[in-house]
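*Asks:* Just need the whole structure built from these sequences, with the hints factored in.
Using the working numbering, read the sequence shown as starting at 100 and increasing by one per residue.
Bear in mind the hints are in silico, worked out from the structure with no lab data behind them.
Wrong hints could be hidden among the right ones.
In silico SDA-like links for lysine to any residue, alpha-carbon gap of 20 Å or less [said to hold, decoys possible]: (1) Lys340 to Asp364; (2) Lys695 to Glu638; (3) Lys757 to Ser805; (4) Lys152 to Glu537; (5) Lys177 to Asn197; (6) Lys452 to Ile646; (7) Lys920 to Arg937; (8) Lys920 to Lys954; (9) Lys430 to Pro235; (10) Lys445 to Gln674; (11) Lys340 to Leu291; (12) Lys430 to Tyr237; (13) Lys791 to Thr812; (14) Lys695 to Val705; (15) Lys791 to Leu747; (16) Lys340 to Leu366; (17) Lys430 to Val243; (18) Lys757 to Gly729; (19) Lys445 to Tyr416; (20) Lys695 to Ile646; (21) Lys244 to Pro313; (22) Lys340 to Tyr232; (23) Lys452 to Gln278; (24) Lys340 to Val236; (25) Lys445 to Pro235; (26) Lys141 to Ala583; (27) Lys695 to Tyr571; (28) Lys452 to Glu433; (29) Lys954 to His935; (30) Lys152 to Gly729; (31) Lys141 to Thr801; (32) Lys757 to Ala825; (33) Lys452 to Ile439; (34) Lys791 to Ser842; (35) Lys430 to Glu463; (36) Lys141 to Thr851; (37) Lys430 to Pro420; (38) Lys152 to Phe561; (39) Lys452 to Ala290.
These numbers were taken from a predicted model, which means no experiment stands behind them.
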Amino acid sequence: MKRRNIGIILAISLLLMLTFNIQPIKSWTYNDGTSDDTKFQKFGPRADRLLIKLENETAEWYALANGEIDITDWPLSKEYYDLFTSNTANPATGLPYNETINTVFYGSELSLIILDINNNNNEHLGNPPDPSYPNPVYPNPTSVKEMRQAIAHLVDRSQLDTIIGEGFYEPLYTIVPHQGYRHPDIRPEGALENITYPYGRAAAETLLDAGGFPVNSTTGWRFWDRNNDSIEQPDEYLELKFPMRTDPMRTDDERRSAFANFLADELDTVQIRVNRMWLHPVDIYQHVMSEKNFHLYIGGWQFGVDPDHLILWCWDYYWHPGFCYNYAGVKDEEFCETAIRTIEAKTQEEALKNATLAQLIFAENAYGVPLWSYAGSKAISRYYTGGNTWQPITPDDGENQYRGQYWEGAVDVSGVGIDNFWSFLNMHPQGHIRGDGENMTIRWGFKTPELTMLNPVSAEWFWDWNVLSLIYEPLIQRNPYNLAEFIPWLAEDFQISTYTHPLNGECTKIRLKLRPDITWHDGTPLTTADVYFTWVELEQLLREQGIPPPPWWHWEEILDIKLYDAYNFELLFSQQSMWLWGRASSTIILPKHIWKPLIETAPGDVMSGFAPDPNLIGSGPWRLEEYVEGSHVLLVANRPDDTVQTNLPGSTPVTSPKGYYRHHPIIAEAMVNGTRSAKIDYYTQPYRVDYKVYNLYDQPITGDISITYPNETTIEFRDTVITTEANWTHSWIGEITLFRTTSVEVNVTLPTEFEGVYSWTHAFYGTIITYKDGWFGLYKDIIPYFDGPDIAGSNLYDDLGLTEYPYKFQLPTPDFKIDMKDIAQVARAFGAYPGHPRWYMGIGDINNDYIVDMKDIGNTARKFGWIGWTHPFFPRT
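*Replies:* Dropping the structure here:
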């Protein structure tokens with residue numbers, strides 16, 4: 100069978116461990132009884148240290164009860180949930196558990212527990228059917244729609260209160276767990292409640308009778324009356340094969356098997372025989388997914404946020420022999436086309452329309468019966484513990500000022516819980532909105548006594564990434580209250596559109612603008628060189644060294660990058676789909692100047708070892724200071740001018756000159772004529788520059804603002820109140836010529852914990868004109884990037900005074916003359932297009948048509964000899 104290549108890597112797995120998301124819920128989480136809200140702040144960290152205690156599941160809950168840690172990393176078992184929500188006196192504190200411990204519900208996870216129903220009634224297995232493989236359930240009674248709908252009416256989800264426990268699951272009625280894409284009307288009391296198949300034996304019996312499954316009055320059991328003569332023939336015997344999981348070491352198996360056993364009892368009640376096949380999970384895999392020898396089975400899946408998993412029930416995902424995703428044999432062309440349109444959608448509206456239609460088709464035909472998604476709660480101490488049940492210490496260790504104060508700022512991420520990036524950015528004890536620089540400490544419990552590695556290229560383990568995700572960051576983040584919504588992060592702006600590839604036709608491109616004020620922990624600027632390295636060069640370099648790509652690297656669809664300057668670039672894909680952008684939320688960016696020489700020179704065992712970079716230089720809010728196996732991990736806040744040396748072998752002291760780029764509770768930007776352009780067209784003078792200062796704090800902040808315009812004049816605004824609702828804006832109109840910068844400095848004076856100067860610089864280049872429609876003339880539209888043949892001769896790092904950067908010539912910038920360097924750059928790329936080995940980030944693609952050809956060479960050659968702004972063809976205005 101030839102499977103359709105849709106170019107999408109599905110974020111799915113057979114359900115082995117439940118860790119991720121989603122359902123909109125409320126937070127901040129307050130521990131003093133204040134109602135939760137939907138606040139989260141984008142700056143921090145508020146605390147000075149994050150101390151991770153390496154323990155085990157029971158030990159960390161015991162440590163929380165004893166006031167030794169502040170927050171846990173794992174969903175509470177029912178036993179501990181009941182204990183921590185009770186008013187039973189805690190021997191460690193003498194107070195009721197629920198007065199000192201807050202259990203926080205995080206909603207449902209992105210898991211789908213589903214009653215799989217075998218739909219395949221072909222005489223032989225395979226796609227197309229192969230006579231070598233007889234179908235073990237042919238003729239198949241569950242291929243009949245009325246049989247499937249009748250079974251759906253026997254599903255009583257209220258049984259889950261006993262089997263799982265109220266508050267530990269969410270009932271599901273569609274195959275999309277994420278509420279952002281879930282059909283809004285397929286639910287109890289919804290407009291399409293009828294296709295949730297409300298529990299009722301009478302409804303099931305009516306459907307069975309209508310579908311050709313009458314009761315044999317002699318045997319008392321139903322049969323499949325395929326010839327409609329109301330007489331049971333030997334080949335009309337009816338018995339459903341129902342494999343049930345049995346593994347006493349897994350509570351998930353116990354729950355699924357208990358519900359399967361209940362459903363089998365219901366089928367007995369409506370007079371359908373059931374063969375209850377108790378099998379170990381290994382045998383289940385062989386029997387169900389590989390041999391397809393079943394009628395009913397309760398399966399489990401873990402999905403991502405996006406509904407790309409709908410494709411799993413397409414016939415293209417059914418095959419034999421061996422495992423296949425569509426082992427239930429669903430075959431519905433309309434459903435499949437709708438699922439494909441969901442994946443290939445160009446807009447959010449188009450994706451939502453097709454995702455809901457696919458769910459409707461699936462539910463109407465009862466191709467399977469969605470059952471539940473797991474949900475849970477995690478626990479946090481209401482008070483700052485200080486590691487000793489909030490008791491003051493003599494002499495003071497620096498934490499007495501915080502001990503016993505209510506924690507504020509925990510962010511309850513949907514489907515994940517309160518231990519996450521946002522909480523550790525925001526958390527602080529009440530009355531202390533920021534630490535003193537040394538002592539404010541969050542204590543976090545892990546259910547594991549060790550990490551496997553702190554290697555961002557090779558790490559796969561959940562707890563390794565709990566640490567690494569605080570040190571390394573992606574271009575965008577997901578909104579913690581709506582994971583389908585993206586928040587600009589390292590990229591301050593992005594736009595999704597399409598381009599025409601010379602071979603592939605219309606494809607997706609994403610234009611991004613990096614924030615210009617981000618540095619790595621060692622002070623080196625984070626630029627497009629690092630993005631290009633992470634998304635394009637990294638996998639190639641690792642492959643050359645015989646090292647597999649990182650587990651998080653899944654950019655098969657990315658062809659290349661088109662570079663406009665050090666901060667503006669495009670991601671160019673090989674196909675068209677809106678879902679491609681979601682990958683960026685799980686793809687960290689690595690520093691090229693650290694990892695490229697490591698990969699090229701370090702032995703293979705070092706690259707796959709615990710920490711190839713013992714300094715763990717990232718861009719994130721936290722830095723590693725200590726890792727002690729069996730004891731703890733200590734992270735310290737990325738503060739300006741702090742020097743940190745890890746305790747890992749080979750580490751050196753590293754100073755972070757600017758600290759975390761969101762260290763201050765304000766950010767600034769400059770927009771030229773309404774765009775965040777790094778470069779401008781010299782000939783559309785004068786320009787309007789709009790300055791904005793954003794308040795990331797939830798209260799007004801007072802500061803002194805100083806702006807240096809592109810013409811190098813400075814203006815100051817004293818005692819300026821920056822509110823959270825309106826922020827602060829200012830404008831300047833003037834000419835910008837050649838290379839110019841504008842800067843914003845905000846000296847924050849209130850509240851005092853935020854004292855300090857926030858500096859932000861924005862660079863502009865004057866651009867060179869191009870030919871348009873064969874005529875020599877000037878562009879009249881705003882060009883938000885460098886658009887001309889002066890593409891070589893200088894580089895960003897020399898321009899910034901960082902002459903020692905080892906790969907500086909991979910980020911060329913204009914030298915304001917068009918000479919042989921520019922001609923050579925275009926000539927080297929002649930014939931190239933995205934994905935071609937000579938494309939080289941598209942620098943030679945002067946006219947932006949995504950192929951380097953004679954038009955680009957001619958465009959450059961016609962302007963040969965231009966210097967600065969003095970060429971007679973280009974008079975100064």
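*Asks:* Lysine 340 and valine 236 were given as a pair; does the straight-line alpha-carbon distance stay at or below 20 Å?
*Replies:* holds, 9 Å
*Asks:* Within 20 Å, alpha carbon to alpha carbon, are lysine 757 and serine 805?
*Replies:* This hinted pair holds, its Cα atoms lying about 18 Å apart.
*Asks:* Quick one, are lysine 452 and glutamate 433 close enough, alpha carbons at most 20 Å?
*Replies:* holds, 14 Å
*Asks:* With the threshold set at 20 Å, check whether the alpha-carbon distance from lysine 244 to proline 313 stays at or below it.
*Replies:* Since the Cα atoms of lysine 244 and proline 313 sit roughly 15 Å apart, the hinted pair holds (cutoff 20 Å).
*Asks:* Can the restraint linking lysine 141 and threonine 851 be considered satisfied, given a maximum Cα separation of 20 Å?
*Replies:* holds, 19 Å
*Asks:* Holds or violated: are the alpha carbons of lysine 340 and leucine 291 at most 20 Å from each other?
*Replies:* Distance ~30 Å between lysine 340 and leucine 291 Cα, so the pair is violated.
*Asks:* Taken at face value, is the distance from the CA of threonine 812 to the CA of lysine 791 at most 20 Å?
*Replies:* Answer holds: lysine 791 to threonine 812 is near 18 Å, not above 20 Å.
*Asks:* Hint check: lysine 445 vs tyrosine 416, CA-CA at most 20 Å. Holds or violated?
*Replies:* Between lysine 445 and tyrosine 416 the Cα gap is close to 23 Å, so the pair fails against 20 Å, i.e. violated.
*Asks:* Is lysine 695 close enough to tyrosine 571, meaning Cα to Cα at most 20 Å?
*Replies:* holds, 16 Å
*Asks:* CA of lysine 445 to CA of glutamine 674, is that 20 Å or under?
*Replies:* Within the cut-off at roughly 11 Å; holds.
*Asks:* For the pair supplied as a hint, lysine 791 and leucine 747, is the alpha-carbon distance within the 20 Å limit?
*Replies:* violated, 42 Å
*Asks:* Can you confirm whether the C-alpha distance between lysine 430 and glutamate 463 stays at or below 20 Å?
*Replies:* Holds, because 14 Å separates the two Cα atoms, which is no more than 20 Å.
Hint compliance for this structure: hints 6, 11, 15, 18, 19, 25 and 32 are not met, and every other hint is.
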